[in-house]
Amino acid sequence: MLKPKTLISVVIVLVIGLHAVPVLYRKERGTFWPFMQWSMYKNSRQAGPIEVRQRRMLAITSKGAIDTVTPRLVGLSITVLQASYLKPIGSGDLSPVPELIQRLNRHRDDPVVELRLESEIYTVTDTGIARRDEPVVTYRADSPDSR
Amino acid sequence: MSTTPARRWIDRWNAYWFPATPIRHLAICRIVAVGAQLIWFFPDLEEHRNLLRKNPEFIEPQLIIRAISAIVPRDLFFTPDAFTLLYWVTAIAGISALVGFYTRTSLLVFALGTWIFVSHLFSYGDRHHTEAVFAIFLMLLVIAPSGESLSVDALIRRRRGAADPVSSRTAQSEMAVWPLKVAHVLLAMTYFSAGMSKMLFSGLRWMNGYTLQGHTLGDALERGHPVGIWLAQQHTLAVALSVFTILLELFFFLSLFLPRLAPLFFLGALGFQVGLYVTAGYDFFQHMVLLTLLLFFLYPAWWQTWLARRHLTGTPRLRGEEAAAQPR
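First to last, the sequence lines map onto chains A and B. Numbering of the first sequence is given in the working numbering, commencing with residue 12 and proceeding in unit increments. Numbering of the second sequence is given in the working numbering, commencing with residue 57 and proceeding in unit increments.
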């Protein structure tokens, strides 16, 4: 039978060693929690004006109620909501709109009939932070064209 | 008497991982970690029920979720009702682990429940780093003698006459500090990995100030953190904080080899984590709890010495005051 110190030593080596799996084995990079690779916020930004865009999507129902499209409302994580819907729609690709409306209406009595994308750009200036609103883009459930 | 090189390595290994330390310190770690997980980091049941209701499939199932799915049919375990049951079982196990009743078993159930909840949350295409090291630490407490002191188990043992109440207060064990040491190594690895990825991916440009200003502005605006919005407008400060970030992340591992200076590294990292939260809302609260435990219990000599000095200098003064109060 293994002595306690030997057993614990095996556990220690295992716990530390398993952290190599997501680094070496690409397929498990995102699905080996709690053993993860830690490349966070690794991207850099070139010297120049600091600008960020804030987006929010509103869902308007047939009865006129307005909901902000949040991860909880859609039942998705923020990463998937951003990558699959908000970013493509924000850049003019309307193909995910019907799917998003379908997802939103899955468990609703009062269906979503319209999506409205609002966004603004914030810029750091010498006198503070300047806000510039971008045109609101609206999508109807019956027609995926923007208005 | 000569020792073989293998024996010397084993002795070094044992000296690092298994020095005798007070079991009371480990018990305090158990209480703080379990208490924080129960009160502060406990899963949001409604969030899990919502995900289960709105998603017939996982998007990117975590290993633990795949393992469970391979054994138990999805429609039996991954349902809102089953998760409600799991939630309450985990909560009850947590309370039991907190007070140290059937400590090992309740810690195991509590840690397993926590792992399942976090893995489930991260099986829908999103994952975060905040919970990982803390969840591992909770699981390590199962194997360590976490319930030997400050627990109902210890009280029962004393009642039965199996333990001496005085010795249990001062008792030491060679098995009482290795979970903290593992947490220390893992934190050093995570910081180093985060720092290296920044250097390999972006190089020195990561410290140009604009990078930190951009990251901070976006997240501070989204999460409503006015300090971050202010920081995003301070270029020189952003350069200084970027350099501090890289230095801390790349060189935190030195604390593994410099035990006397380790508390300073822990304080620096704690300040770093608090700063990240205040400026941009990066909520690494689990790291903060772990760093606090490391600060007080991995190398406790600094505060023990301080307390001893205070006691020594305080006593004569007290005596002096008593003497002065005596009628002449």
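Take these hints with a grain of salt, some might be off.
[As the list claims (entries may be wrong)] If we take Cβ atoms under 8 Å as the criterion, some of the chain A residues that face chain B in the derived model are: (1) Pro15; (2) Ile19; (3) Val21; (4) Ile23; (5) Val24; (6) Leu25; (7) Gly28; (8) Gln48; (9) Met51; (10) Tyr52; (11) Arg56; (12) Gln65; (13) Ser106; (14) Asn116.
No lab work stands behind these hints, which were simulated from the structure alone. Just so it is clear, CB atoms sit at the ideal spot from N, CA and C, and this is done for glycine as well.
Exercise for the section: Please write out, lowest number first, the hints stated earlier that are contradicted by the structure. Expected result: Per hint list: 3, 5, 6, 7, 13 and 14 violated.
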